[in-house]
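If you're matching them up, the sequences are chains A and B in order.
Position 130 of the first sequence, counting from 1, maps to 130 under the UniProt record's numbering, and the rest follow consecutively.
Position 144 of the second sequence, counting from 1, maps to 144 under the UniProt record's numbering, and the rest follow consecutively.
Read the hints as simulated data drawn from the structure, not as lab findings.
The model shown is predicted, which means the values in this text are computed figures rather than measured ones.
Check the hints yourself; a few may be wrong.
Since the list gives no way to pick one copy over another, a pair counts as held whenever it fits inside one copy or between any two copies.
Below, a list of computed lysine-lysine pairs in the DSS-like style, where the Cα atoms sit at most 30 Å apart [stated by the list, open to error]:
1) K22 with K184
2) K122 with K49
3) K122 with K184
4) K35 with K122
5) K90 with K130
6) K130 with K22
7) K184 with K90
8) K170 with K22
9) K122 with K22
10) K130 with K49
11) K130 with K28
12) K49 with K22
13) K184 with K130
Protein chains: 2
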Amino acid sequence: MNQFNWDQAFTLDFDLNDGLSKHAETTKRYLSQMKDMYQDQQVVEEILKNDDPLIYEFYELGCPERAGDLAFGTTMIHPGKIGNEYYMTKGHFHQIVDTAEVYYTLKGEGYMMLENLEGDWKVERMERGKALYVPRGYAHRTINTGDEILTAFYVFDANAGHDYGTIETKGYHHIVCDIDGEMKVLDNPRW
Amino acid sequence: MNQFNWDQAFTLDFDLNDGLSKHAETTKRYLSQMKDMYQDQQVVEEILKNDDPLIYEFYELGCPERAGDLAFGTTMIHPGKIGNEYYMTKGHFHQIVDTAEVYYTLKGEGYMMLENLEGDWKVERMERGKALYVPRGYAHRTINTGDEILTAFYVFDANAGHDYGTIETKGYHHIVCDIDGEMKVLDNPRW
Ligand SMILES: [Mn+2]
Ligand SMILES: [Mn+2]
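Could you put the whole structure together from the sequences, leaning on the hints where they help?
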């Protein structure tokens, strides 16, 4: 369990190459924890018979959920696919919907899938040395389309909260797949 | 003038080595704009007779000052000294005092000087690959004690506002100087 005193200044290392900290533990998300989110349920079942791959990790540093505090850390999405669908994060809205988030990509390549409650959506490229603004009101999911870990430093309002449920019911309007070696954005067949 | 649509997702490059963006302009702070902040007024006057050195730069990206938005960018403090006092930023409180800020150092070395309204203070080391939490309530000033540019990525609440005046009147309780080649924290003689 990571613990810091957020009323005092402190520093924490995050390797600028792989995003990892030597002084904190990551939270880990395995396939079994998000198995309903992938399209190809047959492939999911097949994989889970023998294995439970690590899809992504991120740092939860225990920032108090107070107005004025900022939660920060890094996220590492591993490379891989479930069928032809790339490894991705669960994605979420913030509970206080109109709160933004800033990502700064350190390594790897991929996309952020964004979608608001009115169904407006956008997919933004993430790559080393690019900051990405997730505007107020948009659910956001990180997708690794590359061959190495995709890692980014992130900051958001500590009291924003996470709403996984709204987007979990049906998923996003679009999914991101590898079609004959190319990244394609497809309509989500479940919508 | 940097302009972005903060209601839509967007990306912006910041070089992971030097902090610079190819698609935005920095705001520049020259010695003449902060000449009263250094201890050795004789040296300041002497320098300004012939020159007006660039002390630091940072990106102001025009984020609207709305609740839920996050201002971000990089700051670059140049290496150098005024007398024995290292180049530094003006430093400020946030107008909404109880708002934090996150820095992630990309290159160089230096310190963050922190001080709250009760006079509690701390100096925290900044170096490549270290994130720094500026807690709610603390004025913060970045100081470059190294030989190269000190650059960091930063994020803060867009509606926090900047209060330069409170700390400008007398300065911080402490100053950071090079004494015989070593960084020393000294009492501010003006206090
Ligand atoms: Mn988020
Ligand atoms: Mn600030």
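Status of each hint after checking the structure:
Proximity of K22 and K184 under a CA criterion of 30 Å is satisfied inter-copy only: 28 Å between copies versus 36 Å inside one chain copy. For the identical chains of this complex, K122 and K49 are neighbours neither inside a copy (35 Å) nor across copies (54 Å), given an alpha-carbon limit of 30 Å. For a Cα distance limit of 30 Å, the shortest separation of K122 from K184 inside one copy, 13 Å, qualifies, whereas the shortest one across copies, 50 Å, does not. Taking the shortest alpha-carbon separations for K35 and K122, only the intra-copy value of 24 Å comes in at or below 30 Å, while the best inter-copy value is 47 Å.
When the C-alpha separation of K90 and K130 is checked against a cutoff of 30 Å, the pair qualifies both within a copy, at 22 Å, and between copies, at 27 Å. In this homomeric assembly, K130 and K22 come within 30 Å of each other (Cα to Cα) both inside a single copy, at 24 Å, and across copies, at 11 Å. Taking the closest pair of Cα atoms, K184 and K90 come within 30 Å of each other only inside a single copy of the chain (19 Å); across copies the shortest separation is 48 Å, beyond that limit. Taking CA atoms no more than 30 Å apart as the test, K170 paired with K22 passes in neither setting, with 37 Å inside one copy and 39 Å between copies.
In this assembly of identical chains, the alpha carbons of K122 and K22 lie at most 30 Å apart only when taken from different copies (23 Å versus 35 Å within one copy). Taking identical chains as interchangeable, the C-alpha atoms of K130 and K49 are never at most 30 Å apart, the minima being 38 Å within one chain and 41 Å between chains. Taking the shortest Cα distances, K130 and K28 sit within 30 Å of each other both inside one copy (25 Å) and across copies (22 Å). Taking CA atoms no more than 30 Å apart as the test, K49 paired with K22 passes in neither setting, with 33 Å inside one copy and 49 Å between copies.
In the homo-oligomer, the alpha carbons of K184 and K130 lie at most 30 Å apart inside one protomer (21 Å), although the nearest pairing across protomers, at 36 Å, exceeds that limit.
Taken one by one, the earlier hints fail for this structure at numbers 2, 8, 10, 12, listed in ascending order.
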